[in-house]
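Using the sequences provided together with the hints, build the complete structure.
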Amino acid sequence: MDAFSKFAFRIFGPRLEMEKYYSLERSLRQARIPVSWDVYVAKAKLYSLVLGFLGAIIGLTLAIIIIYLVGLPPAILPPAIIAGIPPALWWIFEYRAVFLSLFLMAILAIIVGGATYAIMMLMPRFVAGERKIKIDRELPYAVTFMYALSRGGMNIIDIFRSLGESTIYGEAAKEASTVVRNMDFFGQDLRTAIQNAADISPSDNFQDLVVNLLSIIEGGGNITAYLSDKSEDYLEKALRDQRRFLETLGLIAESYVTVFVAGPLFLVITFFVMAAMGPGDLMMLYLLIYAALPIGSCMFIVIIDMLNPTGAISATTFEVEEVDEYKVQIAEGTKDDISIKSIESGRKSVEFKNFLRNPFKSLFENPFYTLYLSMPIGIIFLLTVAFIYQEQLTTFDTAVSILDDYFIFTLLIVIFPLAIFFETSSRRQKKLMNEMPTFLKKVASANETGMTLPQSIELISKSNLGSLTTEVKKIWKDLQWGTTVENAFKRFGNRIMSGPVSRVITLLIKANQVSGNTKVVLNIAAKDAIAYQRLEEERLGQMIIYVVIIYMAFFVFLFVIVTMSAAFLPMMAGAGAAGADAPFFMGAFDVDVFMRIFFHAVIVQGFFSGLIAGQMGEGNVLSGLKHSIIMMCIAYLVFLFI
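Letter 31 of the sequence shown, counting from 1, is numbered 31 in the working numbering, and no numbers are missing.
Hints listed in this document are in silico derivations from the structure and should not be mistaken for laboratory results. Heads up, some of the hints might be wrong.
What the hints assert, rightly or not - Below, in silico cross-link-like pairs of lysine-lysine (DSSO-like), each with a Cα-Cα straight-line distance of 27 Å or less:
no.	residue 1	residue 2
1	K477	K430
2	K519	K462
3	K527	K431
4	K474	K442
5	K237	K6
6	K237	K473
7	K237	K20
8	K441	K473
Unchecked claim - Label pairs and their in silico Cβ distance ranges:
no.	residue 1	residue 2	range
9	N222	E165	18 to 28 Å
10	I379	G250	17 to 27 Å
11	M375	Y286	45 to 55 Å
Glycine included, each C-beta is placed from N, C-alpha and C at the ideal position.
Set out below in structure tokens:
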């Protein structure tokens with residue numbers, strides 16, 4: 001416990017009653033927040049006091065600014081209220097500055113402190129809800145993993161242990177590790193450990209799985225058959241959940257078009273007319289375009305991601321033990337430690353030479369590496385342009401009018417390489433994943449004829465597996481060089497760096513360690529890959545319509561803005577020049593300012609509409625970068641030729 005927690009507990013801890021915080025204590029356990037309920041509440045109270053005090057200081061600062069810089073109004077209360085105050089209390093008005101300061105201090109202290117306490121008390125429940133979603137996403141494949149191990153003859157305790165060690169299954173693996181922890185560290189028997197793990201799990205599906213599993217164990221039932229049935233049930237449930245999500249996505253798409261296409265268009269036209277009719281304030285237009293649109297679009301992206309029942313699967317890096325043979329020889333005295341060091345240094349040298357020979361490989365494996373190059377180039381480009389036009393950048397408006405095009409070019413320079421490498425890597429991973437079930441089935445068929453696993457891979461490496469052919473040949477080359485089958489598959493997973501592939505390899509390796517029946521293991525791995533592929537195909541087939549909806553909404557937005565810029569702006573400018581002779585009075589009208597605002601509106605709309613199209617269509621916001629680039633370029637070219 002840190003010093004802050006000790007101090008908070010010393011002040012508030014003794015006066016806390018558990019009955020009031022029972023739900024919080026359960027949420028903390030479900031969220032896996034390693035803090036007791038009383039310490040957590042004490043910290044929340046102390047944090048709220050500290051931040052409330054800071055809020056009071058902010059209120060005092062704001063009062064000083066109002067009193068001494070802005071100026072305090074002669075009467076800060078409505079006349080009706082003043083008339084109702086007895087004359088004996090009129091002396092209060094002489095101290096209105098003090099009362100204003102105290103009022104702002106109290107209000108901000110209550111708001112900041114109360115919000116801090118409320119957020120901290122709700123945070124465990126929110127985190128537990130996030131964990132529930134993730135557990136339900138990963139549970140179908142985790143149960144398939146358990147089924148494969150059970151089919152191989154592993155007992156249920158070791159199955160939970162192996163699942164807990166397989167990080168590719170995320171939060172589902174953490175739930176399984178709870179059972180093992182209860183037995184290893186708390187000395188609980190299997191029944192108690194499973195029951196306690198079920199009690200604190202936020203997922204109803206996990207609770208149903210382990211409670212029924214406990215009944216099977218106590219009744220002497222067939223665990224393998226139960227896990228097989230549960231695997232099928234959860235996969236069907238995942239398919240039903242995805243279909244419900246797609247139905248919900250239609251409502252979300254309609255809401256987006258209404259709120260962030262039709263709504264902004266109406267507000268842009270309204271604020272534009274208000275600003276053009278006289279010396280209007282453009283602040284509302286600025287807030288709408290530069291704040292409301294980006295923030296609202298980001299909120300939509302987060303909501304879609306939270307509602308997605310499948311989610312993205314993070315790839316895992318496997319630890320490959322390639323020098324085990326030399327370690328054995330060192331132990332036997334036939335080799336010295338220098339051999340290990342020379343092998344490792346040689347491998348690093350080869351890896352560095354391979355990087356120099358093919359640097360794009362690293363960029364394909366991790367597209368975010370492109371930002372290390374594209375961001376400095378973009379910044380240098382923008383600074384160079386600013387240096388060239390430095391004599392003309394005398395005011396903020398002038399700087400924006402000159403540099404806004406180059407800001408767009410800078411953004412394109414930064415995100416274009418990321419989009420290219422991400423799309424290339426994503427498409428490659430999808431092709432490999434589509435070929436994975438065929439590869440596993442062919443290996444299983446060859447193994448069924450009596451071939452060993454290396455012999456099966458050798459035979460299949462000579463066949464055509466599409467995008468997977470090269471990788472299978474690499475697996476065979478690793479086996480030829482004396483690498484174990486397990487390490488060969490691990491190296492394959494490290495080369496692909498795909499979440500679904502990593503999951504299949506984890507299943508294959510773990511199950512193969514405990515099962516002599518390789519055919520069964522391969523068929524189960526193929527089944528897992530086919531289940532994921534089935535979900536992906538159905539999702540992509542139905543979600544493409546929402547990408548079309550986003551594009552249509554963007555083109556409507558662009559058409560209206562372009563029409564206003566090309567036809568309505570000149571007409572309003574002419575009316576403004578006519579002044580009092582116009583049918584209705586128009587104030588001074590700057591066409592360039594409004595043209596720039598409209599231009600920025602379609603650029604901002606295009607960028608974030610593209611991200612939402614990627615999130616809706618492919619379940620990944622980075623997949624929307626290509627749509628953002630297309631929409632931004634279309635908007636820029638349209639305004640360029642107006």
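Do the hints match the structure? See the list:
1. The hinted pair formed by K477 and K430 meets the criterion: a straight-line CA distance of about 24 Å does not exceed 27 Å.
2. For the hint pairing K519 with K462, the CA-to-CA distance comes to about 20 Å; that is within 27 Å, so the pair holds.
3. Note on K527 and K431: the hinted pairing holds, with a Cα-Cα distance of about 17 Å set against a maximum of 27 Å.
4. Of the pairs offered as hints, the one joining K474 and K442 holds, with about 17 Å between alpha carbons and a cut-off of 27 Å not exceeded.
5. The hinted pair formed by K237 and K6 fails the criterion: a straight-line CA distance of about 46 Å is larger than 27 Å.
6. As the CA atoms of K237 and K473 are separated by approximately 37 Å, the hinted pair breaks the 27 Å bound.
7. Restraint check: the Cα-Cα separation between K237 and K20 comes to about 37 Å, which exceeds 27 Å; the hinted pair is violated.
8. Between K441 and K473 the CA atoms are separated by roughly 17 Å; this keeps the pair inside 27 Å, and the hint holds.
9. Taking the beta carbon of each, N222 and E165 are about 25 Å apart, inside 18 to 28 Å as hinted.
10. Look at I379 against G250: about 41 Å separates their beta carbons, and that is not inside 17 to 27 Å.
11. Checked against the hint of 45 to 55 Å, the C-beta distance between M375 and Y286 comes to roughly 26 Å, which is inconsistent with it.
When the structure is compared with the earlier hints, violations turn up for hints 5, 6, 7, 10 and 11 and for no others.
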